[in-house]
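Can you make the complete structure from the sequences, with help from the hints?
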Amino acid sequence: MKRSKWQTTLLLAIVLAVAPGTLVFAARARARRGPAIGYAYPAGGRQGTTFEVAIAGRFLDGVTDVVTSGQGIRATVIEHVKPLNGKQINLLRDRLKELQKKVKPLKKGKGKKTTDDQANTDNEPVTEKDLETMEKEMAEIREKLANPKNRNRSNPQLSEDVTLRIVLAPDAEPGERELRLKTAQGLSNPVAFYVGQLPEYAEKETKNKTEDTEVLSELPIVINGQIMPGDVDRFRLKLSKGARLVMAASARELTPYLADAVPGWFQATLALYDANGEELAYADDYRFHPDPVLFYEIPQDGQYVLEIKDAIYRGREDFVYRITVGEMPFVTSIFPLGGKVGAQTTVRMKGWNLPTDKLTMDANDKEPGILPLSLRKDELVSNRVPFAVDTLPECMETESNNNHADAQKITLPVIVNGRIDKPGDWDVFGFKGNAGDKIVAEVYARRLNSPLDSLLKLTNANGKKLIANDDHEDKGAGLTTHHADSLLSTTLPTNGFYYIHIGDAQTKGGAAYGYRLRIGPPRPDFELRVVPSSINARGGATVPLTVYALRKDGFTGDIAVTLKDAPKGFTLNGRRVPAGKDQMRLTLKVPPGPIKKAMSLSLEGRAEIQGRQVVRQAIPADDMMQAFIYRHLVCAKDLKVAVIGRAKPKVQAKKRNKKTVTSTPVKKRKPNTNKSAPAKKGSQNTAKPAPKKQTRPE
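Counting in this note's numbering, the sequence shown runs from 1107 upward without gaps.
For the record, the hints were derived by calculation from the structure and aren't laboratory data. Keep in mind that a hint or two might mislead.
Here are the simulated distance ranges between beta carbons [what the hints assert, rightly or not]:
no., residue 1, residue 2, range
1, R1752, A1449, 51 to 59 Å
2, A1449, R1718, 20 to 28 Å
3, D1576, D1659, 16 to 24 Å
Straight-line Cα separation of at most 30 Å, DSBU-like style, residue types lysine-lysine; simulated pairs [unchecked claim]:
no., residue 1, residue 2
4, K1515, K1483
5, K1703, K1614
6, K1670, K1456
Note that the structure is predicted; figures quoted are calculated from it, not measured. Don't be surprised by glycine CBs; every beta carbon is placed ideally from N, CA and C.
Right, dumping it as structure tokens:
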């Protein structure tokens, strides 16, 4: 990747230059004042270890608990620090001046009061112990005033700090978890937290000076750090000749979107240097993933320097990273990208430090969808790559099929497993169709970790282009910003042969450019997302939530939404996404509270499609903003509900007196505050006389 790629981005950043944090996240600004987490550092740890994690966010008053997904994690709150407001700072400064005024003459007199001091107070002479107490208080005040955590920050989203103690069980399942804080106001948003198997290392303050950094000789290792404005972190590595080194950064993976930064995340870059400072390898991404990965075979024994920074030298506390360094197994591509439900598929694999180049995926007991695939080399586990399984018939692409004359004949419906083998390659598939047939062709490539930027077109027997598509947005892919997979849908005009052409929009190709191409009649379906993933409500109250319907292949019908296996006292109102609607606001009524533990809920949707009942799980998600304007539904692992306190009692309006009211104007009189009102004739005067004004004796 050439560095010049970022020249345009740098100019854009200068034009849009806004100090990080000066704008508030629009999404959160519109939301209720609930607890919110900006980042966690470090964003993970090793099995069987105990360590502290710093959390920054806002509205974290009364934080009492930590809610994590999965098993094997125990977390406790150690400290919560809020920035001091102006009044608190002034009080501390006044108190410091007061103490300084007292201590200065006392220190001169070695703890004894002077005659003037004794004349101004009735207190006993101050002892050495009293002096020590005052000096201790002064030191504490100075520490509070100097502590950066107590100062107001430029970014209010990171204005409060919480320190956690994390204990990871030796058998905790490795992988990504979610971490939320529970406060007096409920649950925060989830943030990513990783359980790893490797030793962990945290950056030191001398990280910018290469000569001052310690040498990391025991690999593999995970390096944790944060990038501040203009920051460059460097780490010295002791490496041996022939080592096939993999250096994989996690940055955008930890914090998917930043609302107040362009391009909308921490854009990390990695570089490897030799002992003489010569750059050996550089990356600012990995294919279409923003997080960079470096692969390098070490030419000779010695020390090397690994460098990480932001591509345009931005930074702040939430620019958190993790770098995995070592001879790790890393899968760069697989083929085919999927298989059929109920069948076994032999998968060919390419990558670095792999123990084998193939494995068998058994989908006998799998549901249609996307499965994670990884390899294990001794105790080391590779990165995960997606593998799709489906119920449709499948076939393999056969070369040469670059044009009409050589087109591969297929029978619909079918999923073709193919590959754009070289730059400029096209694959063509021919099928017989009838007038009025509805046809859908959809590519799964980018969503399955392939670098292919697909381009689809449909032609008739004469070669005339009928329809084409480059990019098709999949709103269910919340972490994707370039929706490179193609989809076209049309009705065939006449009987005859038709041809589907697939190529790369950027005329690229290679062994990694695999795809799965579904061709056939529409398969109407839907997915559901429920937002937010953390719901907070007072006991007995009703709170809103939004259900998004991601409709597929022309499905427009009603979707009934229900609580699945709902805990006692939870009820869902609304319970329907109407036909033709893509989202609906429902309400959730919770039982009388409070409930000490956060509850897990599950929603599902039901619809009748082509005469059969289709049930789909509603996936929890959060509506995140990217770079001031773009919005994404980012999936979460759990839908959690916190029931806090009890619902506020309703105040009933007073009933109006139904007596006849005349419109005769009444002159207002000034109230007599010194005398009691005269009693009406025939009534009792219960007013007390006004008390006499008291005067001080001269």
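Hints and how they fare:
1. R1752 - A1449: 51 to 59 Å: Hint holds: Cβ distance 55 Å, inside 51 to 59 Å.
2. A1449 - R1718: 20 to 28 Å: holds, 23 Å
3. D1576 - D1659: 16 to 24 Å: holds, 19 Å
4. K1515 - K1483: Since the Cα atoms of K1515 and K1483 sit roughly 41 Å apart, the hinted pair is violated (cutoff 30 Å).
5. K1703 - K1614: With a Cα-Cα distance of about 53 Å, the restraint between K1703 and K1614 is violated, given a limit of 30 Å.
6. K1670 - K1456: violated, 42 Å
Violated hints, in rising order: 4, 5 and 6; the structure is consistent with all others.
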